[in-house]
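Line by line, the protein sequences give chains A and B.
Just remember that the numbering used here sits 4 ahead of the position in the first sequence, which is counted from 1.
Just remember that the numbering used here sits 4 ahead of the position in the second sequence, which is counted from 1.
In case anyone wonders, no lab produced these hints; they're calculated from the structure.
Be careful, since some hints might not be right.
[Said to hold, decoys possible] Calculated pairs, SDA-like style, for lysine to any residue (alpha carbon to alpha carbon, straight line, at most 20 Å): (1) A:K194 - B:E25; (2) A:K199 - B:D12; (3) B:K293 - B:P258; (4) A:K194 - B:I26; (5) B:K293 - B:E244; (6) A:K194 - B:R28; (7) A:K194 - A:R151; (8) A:K194 - B:E30; (9) A:K194 - B:E21; (10) A:K199 - B:R28; (11) A:K194 - B:T17; (12) B:K293 - B:L314; (13) A:K199 - B:E21; (14) B:K293 - B:E311; (15) A:K194 - B:R245; (16) B:K293 - B:R259; (17) A:K194 - A:D142; (18) A:K199 - A:A138; (19) A:K194 - A:A138; (20) A:K194 - B:P22; (21) A:K199 - A:P172; (22) B:K293 - B:D238; (23) A:K194 - B:Y14; (24) A:K199 - B:E30.
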Amino acid sequence: MSDVLPTVELVADGTTAFPAGPRVVRFADGHAADDGRLVRAAREGDRAAFSSLYERYARVVHGLLLARVGRDNVEDLVQDVFLTAWRRLDDLRDPAAFGGWIVMITRNRAMDFHRRTAEFVELPENLPVPGGAAERADAHAALEAIRALPEAYRETLMLRLVEGLSGPEIATRTGLTPASVRVNLHRGMKLLREKLQR
Amino acid sequence: MSDDLSRDDYLWTAAGEPDPEIARLEALLAPYAHRGTLPPLPARAPRRRALHVVLPIVTAAASLALVIAAAWFTSTARPPGSWSVQSLAGAPAVAGSPIAGPSRLAVGQALTTDAQSRARIAVGEIGRVDVEPNSRVRLIRSRPGEHRMALDRGRIAAQIWAPPRYFFVTTPSATAIDLGCAYTLDVDAAGAGMIRVTHGWVAFEYEGRESFIPQGAVCATRPGFGPGTPRFADAPARLERALPVLDFSALADPRRAAALADLLASARARDALTLWHLLSRGTPEERAKVYDRLVTLVPPPASASREAVLRADRRALDDWWNELGLDSASWWRVWKSPWRE
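Produce the entire structure from the sequences given, and follow the hints as far as they go.
Here it is in structure tokens:
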């Protein structure tokens, strides 16, 4: 095993040894400082500043939600998350911690969604995905295969393969260490390949 | 694995020579990516303005708000800062009076259940708490940004969907701080408690001693000691038996050496959660043994030298924590500061 990789025990069923929790938050210093500046401006009512925060984090929020709830609800929930953040900006004690804070809101919003709907909303097969029927079926199968992975892999792969973030970008925006992201991508991709080959 | 990692350069960088399979998946999945736009934002009052500019406006608004609030509270007869309560079974009592239908629990009031009764509390808009039989809870505070209750005895099941640090449960031996989670909390007649986290994270804190408990883990607490060390619910039986000895005995207790040896011998990589907490507890000799065992389970980063960890250097401990695969330490450092500092 490469020495840059932390030890993460895998158990027999392929789930991580440690449960996935609210993984949030260590940003590069400059990134966090920019977030802090934008949050302070947004608190004063600056919509453009909040729009910049949206640009930075919308894909992360979207990817995390897509890993947890049915796709037909994701866009609405993304809007909910950002409206909640806008309303509650004054509650954020450390403006530089915006990234971790909105990731936490996102996960809680997904949990709340499940609490209210009681059951997982399955992905409809008639999604507006371009291409022919075979391509749509492949896309659907790939998305479902990712969703069937353990949470840590599911979220990271969703951000990489669906939202198009690179590994370093995922680490910066979610607060995971780069080594953890790399492990999650590598092991998640390995599991995904196995699932798709069955 | 390292041989495979070289194939994953494209997976990691999203640039350079594409891996054909990954590129195919990207193309297939790209239509699912975020395409939305920021919704219209409601007006947001500026937070700070020169006092002389806003004072007349604030005064007028406050007067109007008082009138409206008085009318509203009068019309609803709802005590300010109260929580709604409903009976789930039997006849729970609020302030000593049995309730049958929807009721309110005001600040300072107690809700009690007997052996046949259960109740559900709506914690403002941030979550709910089910109060199980033979329990007594009190509402201590309820205001925007802080909801605090006490569990004197019995069991509650809490589900909170607010951001972290909005919801606190005080017990006789520790305070549970919600970090976005669902959990059950038991307190017995002697004030000893046990928390079981089913989703997210909970922090357990008492007079500077703190434990961070992820989903799937449990943590006990005792009067006079505060929170014990968290462990995963599926921890080996030997570890489970040893932990209370280490957590709730005097440092000179002769049982500790055998308990620690048992715990360390039975610990799995997954039990790094437990060992990490023990790095800053117990005697220096005990902590050194914990260090030596944890090194074999989760290699520490360079910054977490033996010397730094054994003198409880926070950065060293945090850096090692970050290798456990649980979470970055920085996020709970962010959230904990309001109740510690």
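So, going through the hints one by one against the coordinates:
no.: 1; hint: A:K194 - B:E25; result: holds (12 Å)
no.: 2; hint: A:K199 - B:D12; result: holds (18 Å)
no.: 3; hint: B:K293 - B:P258; result: holds (16 Å)
no.: 4; hint: A:K194 - B:I26; result: holds (11 Å)
no.: 5; hint: B:K293 - B:E244; result: holds (18 Å)
no.: 6; hint: A:K194 - B:R28; result: holds (15 Å)
no.: 7; hint: A:K194 - A:R151; result: holds (14 Å)
no.: 8; hint: A:K194 - B:E30; result: holds (16 Å)
no.: 9; hint: A:K194 - B:E21; result: holds (19 Å)
no.: 10; hint: A:K199 - B:R28; result: holds (16 Å)
no.: 11; hint: A:K194 - B:T17; result: holds (17 Å)
no.: 12; hint: B:K293 - B:L314; result: holds (10 Å)
no.: 13; hint: A:K199 - B:E21; result: violated (24 Å)
no.: 14; hint: B:K293 - B:E311; result: holds (13 Å)
no.: 15; hint: A:K194 - B:R245; result: violated (38 Å)
no.: 16; hint: B:K293 - B:R259; result: holds (16 Å)
no.: 17; hint: A:K194 - A:D142; result: holds (18 Å)
no.: 18; hint: A:K199 - A:A138; result: holds (18 Å)
no.: 19; hint: A:K194 - A:A138; result: violated (24 Å)
no.: 20; hint: A:K194 - B:P22; result: holds (16 Å)
no.: 21; hint: A:K199 - A:P172; result: violated (26 Å)
no.: 22; hint: B:K293 - B:D238; result: violated (23 Å)
no.: 23; hint: A:K194 - B:Y14; result: holds (14 Å)
no.: 24; hint: A:K199 - B:E30; result: holds (17 Å)
When held up to the earlier numbered hints, the structure conflicts with 13, 15, 19, 21 and 22 and fits the remainder.
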